[in-house]
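Going down the list, the sequences are from chains A and B.
Counting in our numbering, the first sequence runs from 86 upward without gaps.
Counting in our numbering, the second sequence runs from 86 upward without gaps.
Hints listed in this document are in silico derivations from the structure and should not be mistaken for laboratory results.
Just to be clear, a hint being listed does not mean it is correct.
The list makes no distinction among identical chains, and a pair is therefore deemed to hold if it is satisfied within one copy or across any two copies.
[Stated by the list, open to error] Using 35 Å as the maximum straight-line C-alpha spacing, the simulated DSBU-like pairs for lysine-lysine come out as follows:
no.	residue 1	residue 2
1	Lys283	Lys244
2	Lys283	Lys313
3	Lys244	Lys176
4	Lys263	Lys283
5	Lys263	Lys173
6	Lys173	Lys283
7	Lys173	Lys244
Number of protein chains: 2
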Amino acid sequence: MTQRPLILISNDDGFSAPGIAFLIDVLRPLADLVVCAPDTGRSGMSAAITVTVPLRMRLVSEEPGLTIYKTNGTPVDCVKLALNHLFKDRKPDAVFSGINHGTNASVAIHYSGTLGAVIEACINDIPAVGLSLDDHDWQANFEPSRPWIRLLAEQVLAKGLPRGCCLNVNIPCTPDLKGLRLCRQARGRWVEEFDERKHPRGDHYFWLTGNFCNDEPEAADTDMRAMKEGFVAVVPSNIDMTDYALMIKMQDWGLERP
Amino acid sequence: MTQRPLILISNDDGFSAPGIAFLIDVLRPLADLVVCAPDTGRSGMSAAITVTVPLRMRLVSEEPGLTIYKTNGTPVDCVKLALNHLFKDRKPDAVFSGINHGTNASVAIHYSGTLGAVIEACINDIPAVGLSLDDHDWQANFEPSRPWIRLLAEQVLAKGLPRGCCLNVNIPCTPDLKGLRLCRQARGRWVEEFDERKHPRGDHYFWLTGNFCNDEPEAADTDMRAMKEGFVAVVPSNIDMTDYALMIKMQDWGLERP
Chain A
86 MTQRPLILIS NDDGFSAPGI AFLIDVLRPL ADLVVCAPDT GRSGMSAAIT VTVPLRMRLV
146 SEEPGLTIYK TNGTPVDCVK LALNHLFKDR KPDAVFSGIN HGTNASVAIH YSGTLGAVIE
206 ACINDIPAVG LSLDDHDWQA NFEPSRPWIR LLAEQVLAKG LPRGCCLNVN IPCTPDLKGL
266 RLCRQARGRW VEEFDERKHP RGDHYFWLTG NFCNDEPEAA DTDMRAMKEG FVAVVPSNID
326 MTDYALMIKM QDWGLERP
Chain B
86 MTQRPLILIS NDDGFSAPGI AFLIDVLRPL ADLVVCAPDT GRSGMSAAIT VTVPLRMRLV
146 SEEPGLTIYK TNGTPVDCVK LALNHLFKDR KPDAVFSGIN HGTNASVAIH YSGTLGAVIE
206 ACINDIPAVG LSLDDHDWQA NFEPSRPWIR LLAEQVLAKG LPRGCCLNVN IPCTPDLKGL
266 RLCRQARGRW VEEFDERKHP RGDHYFWLTG NFCNDEPEAA DTDMRAMKEG FVAVVPSNID
326 MTDYALMIKM QDWGLERP
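Okay, chain A solo, but in the shape it has when bound (with noise of 0.2 Å):
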């Protein structure tokens, strides 16, 4: 007999968030579970590690098949944790990370703390996917990428990724999902990103917020048209970000010499 697939599970909106719950139901008849994710909303984490604060890992609940930890840590701390010491005789099959509550496409993949959890086990060289959906709202309905969140959790169970690559899956805001489409990061950027207010002793202070702004609208071929028609958009991701034809091009640069 086989042994079934045993799947980690983080996310950056905390172990407690409706999009984490679902992912694990999505994915328990595929494989035995262990959830390692943070114990309260750590959302804009990026790939940060935590080296200031002693880490804190708890158990929340164990039942046949699903072990749930909580830790104190970023996302990318919670995939560290995991894999050092809830992982001691066998590595997990694959790495799941979300679903986040709130899109990561495009040039997001930067600032994600979901996608964090993804390039990390992407280092240690496990498939790992990470999955958002563009609704930021506590009730989003998560349903309607149930079939198509587990069609592709069977085939990276089963064919895994190449070294070096992850999946950033953004599922978009419609119960009537089209498909899976694979696509490119899109160009884009935030803009109009500070609320500046005065405080009641008289400073002023800048809350964060700001607007995505798809550089390349016209572009087929992107994960943000994807969403747009109506498509879960994949996008294989590559965590060496080496420029390799910049690389060649700079070689005219004169660098040589001082």
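Based on the hints, put chain B in the right spot on chain A.
Coordinates of chain B only, in the frame set by chain A:
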């Protein structure tokens, strides 16, 4: 008369770190400088952003050609605040981040606050360079890197960088630097990452620590190898993490129907 170039400087060790003071000293002959950096060390912050705490920015000092601000935010927050509030009429010609006390070679680009600032600048189409010295000591000797950083900065100011591209520069800790070498990000990871301790009250906690392990020590074209051989490692990097090869390969996965 042409305008003097304008450079924004940030880091993750804080505005008062020796590394940023050295960088200011190297770049001052080349450009007018605006510094916007964290008020204290924010190492390991990656591209994290601050959404739950109000951000504050304070003028530290002002003299001809050099203005220094500090913020209570992450390196990415610093770049965002600076671009939104300090450069109303004119965008900076380049962003330099560092010099970090400690290397950010290989996959450290994903964890590093120094590089988080660089990625943020790159998202905003500004040529950006992250600099790190392989020495955590506050008394580290940055001086040998001076002519090479100056050469690189002159070239970046003259030629710019293609959209989406930035440079991750790592300096080995040696008085005899052999030059600059264009190279790629080495594959690697941290191992033995936690120091587990028992609290006086009895519970257990972890300190994040660990050693970097180069997964390809034999490869001749990596940043790790360049540094080992006494070269300043320059990795042209791209914020588009899409893996275009995997995108094609996954078309055979049968993802059309659940």
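Next item on the list: Please flag the earlier hints that this structure goes against, numbers listed from lowest up.
Entry: Result: hints 1, 2, 4 and 5 break, sorted rising.
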